[in-house]
Structure formats: C-alpha cells, structure tokens
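A.B. asks: The residues making up each chain are set out below.
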Amino acid sequence: MGASRASPVSLKAGRIEGELKVAESLADSASNPGHAGDDPSRRDFIHIVAAAAAVGGAAAVAWPLIDQMNPAADTLALASVEFDLSKVELGQEVTIAWRKQPLFIRHRTPKEIAEAVAGDHADLKDPQTDAERVKAGHAEWLILLGSCTHLGCVPLFGQGEYGGWFCPCHGSVYDTSGRIRKGPAPLNLAVPEYAFLNDKTVKIG
Amino acid sequence: MTAHTTYEPKTAIERWLDTRLPIVRLGAEVLEFPTPKNLNYWWTFGGILSFCLATQIVTGIVLAMHYQAGGASAFLSVEQGIMRDVNYGWLIRGIHANGASMFFIAVYIHMFRGMYYGSYKAPRELLWLLGCVIYLLMMATAFMGYVLPWGQMSFWGAKVITNLLGAFPIIGKPITTLLWGGFAVDDPTLNRFFSLHYLLPFLIAAVVALHIWALHVPGNNNPTGVEVKSKADTVPFHPYYTVKDGFAIGVFLILFAVFIFYEPDALGHADNFIAANPLVTPAHIVPEWYFLPFYAILRAIPDKLSGVIAMFGAIAMLFALPWLNTSKVKSMRYRPTSKVYFLVFVVVCLILGWCGAQLPDDAVIPALGKTGINLIDSDLNSYVWLSRIATAYYFAYFLLITPILGLRETPLPVPDSISKPVLAGEAAKKD
Ligand code: HEM
Ligand code: FES
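First to last, the protein sequences are chains A and B. Just so we're aligned, residue 1 is where the first sequence starts under the working numbering, counting upward by one. Just so we're aligned, residue 1001 is where the second sequence starts under the working numbering, counting upward by one.
Calculated from the structure, these hints are not laboratory results. Ideal Cβ positions, reconstructed from N, Cα and C, are used throughout, including at glycine. Among these hints, one or two may not hold up.
Capping the alpha-carbon separation at 25 Å, the derived lysine-lysine pairs in PhoX-like fashion look like this [what the hints assert, rightly or not]:
1. K182(A) to K1370(B)
2. K1229(B) to K1420(B)
3. K135(A) to K200(A)
4. K200(A) to K87(A)
5. K1173(B) to K182(A)
6. K1173(B) to K125(A)
7. K1328(B) to K1037(B)
8. K1339(B) to K1420(B)
9. K111(A) to K135(A)
10. K1037(B) to K1229(B)
11. K111(A) to K125(A)
12. K1173(B) to K100(A)
Covered by chain B, per the in silico footprint, the following chain A stretches (three or more residues, Cβ under 8 Å) [what the hints assert, rightly or not]:
13. 68–82
14. 91–100
15. 147–153
Just chain A, same shape as in the assembly:
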C-alpha cells in the first residue's frame, strides 16, 4: 500500500510542496499526461483522507443500524414495579413478571433462613453470605430473578437437595438463599435492585 511509504514528516512536506506544484502540474498535464498525479506523498495523503472519510462515514451509518436492535424506549420504560408483600403467606413463593422475566418473591421460614445462614461457610462457587442477599431486618423476604444463571430456564422451588430451587433444564441446584450449589450454572440467582417502601411494600427496579 502507498500509505506505508510516506512517513508523517514527508507527508506534511509533500503536501506543501504539492500545493505549490499544483498549478504548474495542471498546466502541463495536457501536454504530459500522467504527470499531475505522480507526486507520491501528495497522492498518499489524499488516499488516506479519502479512505478515512469513507470508513468514518460507514461507521456512522452502521451504528444506528446496529443500535436499533438494542432495547427500545418503551421496553426500557417497563423498568420498575411495586408489590404488596402481604399477599405472600409464610413459606409461600409468588412469581411475578418483571421486565417480562419471572421474579420470585419468597417468604422464607425461620428454618430456611437458618439453613441459608449455615450455608455461608460452605464451599461456594459464587461466594456470598445470606445477609448480602436480603435487606437488613427483612431476612424473611428473598427476592430473586427467576432465571437460571446457566441458560435462563425458570428453576422450580422445593426440589433439589439444598431445599431451594432446581433447574429442570440442565440440573443446577440452588440453596434456600438462591446460591448455586451444584450443576453447570456459574452464578447465584440474581437479586434485583429493590427497596422497601414500607414494611409491606417493595419497589423493584
């Protein structure tokens, strides 16, 4: 490629020189065809600028074509929901849809909480204490994205040997804190961003 021949210095010099020469070049181009474009550094410079402009232009057109595939404004607007916890009895789990994904709202029994806390010291694949996965003072409420961190199936509660969830797709097992204990999933069930508005209402997202 011509571009590699010109060092930045010679390029600059070549351009000035080229500008000075351009008038005379044009003048004799008729009698001496081919001569006008023969100054290599000037040619290289024009090639580089033209190619850079084309690449920049193509990228500027490509980006909207790619970005249109990302979540649209109406999808992003679905972002948060409020939920009344008094609907969930002790020991029950309710699945609601949040951002079109299942969300588990689990009212844990003291036994489950004790098991979850006891699990803090086990050999965990994705180490996290139970306290880090619930809000302080609300250990009975475990709120999780019901999407297996392996490939996204919905795990089932009450199956699997850790008293928590079992994923039917490829056999991942989660404990009563939703932490991954066995199987191919790499991470604990995700805890979404949420806050208690009062003792009985949470706002998720």
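Could you slot chain B with the ligands onto chain A? The hints should help.
C.D. replies: Below, chain B with the ligands alone, put in the same frame as chain A:
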C-alpha cells in the same frame, strides 16, 4: 468457468442475447458439464438439497402471507389460522416444518459423503468451506424458524440458545441484549427473528451459487477419488445425471410424503402445542433433532463457557478438515483403516444425537442402576458420561486420528483413472 459446450446460437434472438448476456450459453454449459461417469447415489444429495431449498422458500413465502409475528398473535396465527382456517394451510406448514428436517437429513448425508470420499481435499477446499458456510446459515435459519410458532419449545429454545452467547466474557451480555431487544426473549426478538428467517434462505441461495461455481472449476470428485484424466472418464451432466438426480428426488419425496401425510408431528415436540409462557419452563427442553449432537457436546462439559466453546469448536472442526487430512489418497475406498475409524465416527455422531435427547443424569443401561463410581460430578452409568466419551472421540477423530492415519496408513492400490479402475489396480499390485 471453462467452456465445455458445443452450443451454437441458432435463432436471431439467441445470437442477439449471446453477445449481450450469454445466459442461454451458461445454461448449456451447466447441462453439458462433463461429469465423472462413476458417480453413485451418494452424489444425488446435492440435487436433493437444491430441491429442499426451493421447497422451503416457496412454502415459506406462502406461510408468511398468513403468519403474524408478535407475542400475542403468532401462536394463534399458526395453530388456528394456518392449521385450521387457511385453505391447505395444514399441508403447506406440514411441508415447511418437515421440510426443514428433510433438508438436514440430506445435508448430513451430503457432508458424510464428502468426508468419506475426501471431496474436501485439494483442489476443492473452498468448495467444502462454502458448504460449511451454507450449513451454518441453515442452522441459523432453522433455529429462527422454529421460534416463529411461539410455542413453549420455541420460546425456551430461543432463550437457552441466545443465552449460550452470554457465556462469553465482556461481549456476551451486550450481544444477547442486542439479539433480544429487551431484557429477555420477547416480542422484539420474535419480530427480528421473522425478518432474519425470511432473509437468510436467500443468502443461502447466493452461497449455493458460489458453491456450484466452485464445483464447476475443478469438477466433481468421484467414488475413486482419482481426478478425471480424459474425456473417457466423463459423461455430460444431462441427460445422465439429470435423470439420476431426478429419480433420487422421487425416492426422497416418498419419505418426505410419509412424514407429511402420516407422521406430521413425529419430528416435533408436544410442548410446542402450548403457547409460549415466559414464567414456566417445560420439564424437559430439547432442541430439534438436527441440533442434538451439539447439544450433547454442550452438556458434556461441566463448565458453561467451556461447554459453549466445545460446541462451536465441534463445528469449527469441519472448517479445518481440509488441512487436518494428511493423506495423499482421497477416497476411503482405498483406505481400509480410515474406513473403520470413519464408520465409528458416524456412529459416534448418532450416539451424541441420542444423548442430546436424554436427561443427562439418567442411566444409559437402566438394568445396571447406579454403578456407584462417581467421576467429576456424575455416575459413570449416565448419559453425561456417554456424551463425554463420544465428545472425546469426535474431537480426536479430527485432531488426532485424521492427521496421524493420513501419514501412517498404507492405502490399497489406487486406479490410474476412472475408466480402468480394476485393471490398473491389478497392475499396480504386480509392480
Ligand atoms: C433454508 C430454508 C428454511 C428453513 C430450513 C426453514 C425452517 C423453518 C422451521 C424449522 C420452521 C418451524 C416450523 C414449525 O415448527 O412450525 C419455520 C417456520 C416458518 N418459516 Fe421457514 N425455513 C426456511 C425458509 C423460509 C422462507 C424463505 C420463508 C419466507 C418467508 C419462511 C417462512 C416461515 C414462516 C412464516 C414460518 C412460521 C410458520 C410455521 O411455524 O409453520 N421460511 N421455518
Ligand atoms: S438453564 Fe438451568 S441448568 Fe441450564
């Protein structure tokens, strides 16, 4: 393309065309193309595949006239609209849905044929690579097509497969979000899959054109693997192979019709008669049969990212094959040892497909129960372990067996030319 034609434009209009767009000449060249005279029925699958592609495009365009992409309408537009209300909708969908399976049956036979006869070796590497590209595009097309009826398997298949890409560090998550157009598989996903499902078959058609162009430069390989030496080795494509291919398509159509009219749902899955529900996963997710071997490889590896890499690696092996085979002899007809390893390879692919349809922890031999030998994470008598053994052979076949055998195996005498295989073979033995 070199001209192999005796075509002479006869009418004025043909002469006019011939100096402007010699399309009649191109047709004549294709029909008269000198083709090895010894091609067997394994060579008819190219024609069968072209037939399959045309069938999918014609039936697909008709289905698209009645189908409504959209989470609320897709399932009904297929199960009620097309299957019950549209005139002959059941037939056209039956052809399209089973047609995809027939397409894959044909492509797998076509690929195994190429592997057995060494059709990917020089000078046909590019021909083989274009074929691999077609295969990739077919998989993408069929995957997105299966999502369109928006049943439970459609939905969860889409979710699991798109999540596979999420395994890659850094780029994985943005790519899945980009594919979904949301936080999960949803309406935007379905709409873009429909758009792409419509587009890709036409891309396939374009690559098929390149594939056939790349075929017509070196010409066909043949069962002996010995290149064409003289005109005596060939016959014109028409009428010899138009008739042979036509007959094979006829036989293939019988099998196709058996599925369409007697077992239209045999290759489908009962869960896909339930409308998609993002809150409930079916108890046992399986992909369509043609993806099962890769699904088994994915599940054989206990780590998510490594599993995904192994699955893509299994396909990458096909692309590398022309450079992994070190043998000087193309056809396995003259490679007795390779033939055995190859047959085992075919069986291993079928075993992988079978494993892909089973629950990983189930016992392969139920009567044996648990062996009590727990290796890594599962009992030895489980489909996971069978998949692991088969996966190991799959990769060893490409990376060890093929390169080593090519150097070490002593082939049988290879004929001098297609026309005198036996005599030349005898002569070579006496030398
Ligand atoms: C390479 C060729 C093609 C393959 C392998 C293929 C494969 C598939 C598959 C597996 C399905 C799901 C069938 C089911 O379970 O119902 C499907 C559905 C569909 N395809 Fe295709 N297809 C191809 C070409 C096309 C083309 C060219 C169109 C034109 C628009 C098309 C339009 C559709 C439509 C509208 C559906 C949804 C209706 C239905 O589910 O039956 N396909 N396709
Ligand atoms: S999706 Fe849950 S184990 Fe694979």
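A.B. asks: Are there three or more residues in the stretch 91–100 of chain A whose C-beta lies within less than 8 Å of some C-beta in chain B?
C.D. replies: As far as the stretch 91–100 of chain A goes, the hint holds, because 4 residues have Cβ atoms under 8 Å from chain B.
A.B. asks: Tell me if the straight-line CA distance from K182(A) to K1370(B) falls inside 25 Å.
C.D. replies: 19 Å, holds
A.B. asks: Take the C-alpha atoms of K1229(B) and K1420(B), compute the straight-line distance between them, and say whether it is at most 25 Å.
C.D. replies: 11 Å, holds
A.B. asks: Closer than 8 Å, Cβ to Cβ, for at least three residues: run that test on the stretch 68–82 of chain A against chain B and report holds or violated.
C.D. replies: holds (count 5)
A.B. asks: So if I understand the rule, the pair passes when the alpha-carbon distance is 25 Å or less; does K1328(B) with K1037(B) pass?
C.D. replies: 23 Å, holds
A.B. asks: Against the 25 Å threshold, does the CA-CA distance of K1173(B) and K182(A) hold or violate the hint?
C.D. replies: Between K1173(B) and K182(A) the Cα gap is close to 23 Å, so the pair holds against 25 Å.
A.B. asks: Would you check the hint for K1173(B) and K100(A), treating anything up to 25 Å between C-alpha atoms as holding?
C.D. replies: Holds, because 17 Å separates the two Cα atoms, which is no more than 25 Å.
A.B. asks: Residue count check for the stretch 147–153 of chain A against chain B: does it reach three with CB-CB under 8 Å?
C.D. replies: With 5 residues close enough to chain B, the hint holds.
A.B. asks: Straight-line Cα separation of K1037(B) and K1229(B) no greater than 25 Å?
C.D. replies: Roughly 12 Å separates the two Cα atoms, so the pair holds.
A.B. asks: Is the hinted pair K111(A) and K125(A) satisfied, with a Cα-Cα distance of at most 25 Å?
C.D. replies: 23 Å, holds
A.B. asks: Do the alpha carbons of K1339(B) and K1420(B) lie within 25 Å of each other, as the hint requires?
C.D. replies: 23 Å, holds
A.B. asks: Are the Cα positions of K111(A) and K135(A) separated by 25 Å at most?
C.D. replies: Distance ~18 Å between K111(A) and K135(A) Cα, so the pair holds.
Of the hints listed earlier, there is not a single one the structure fails to meet.
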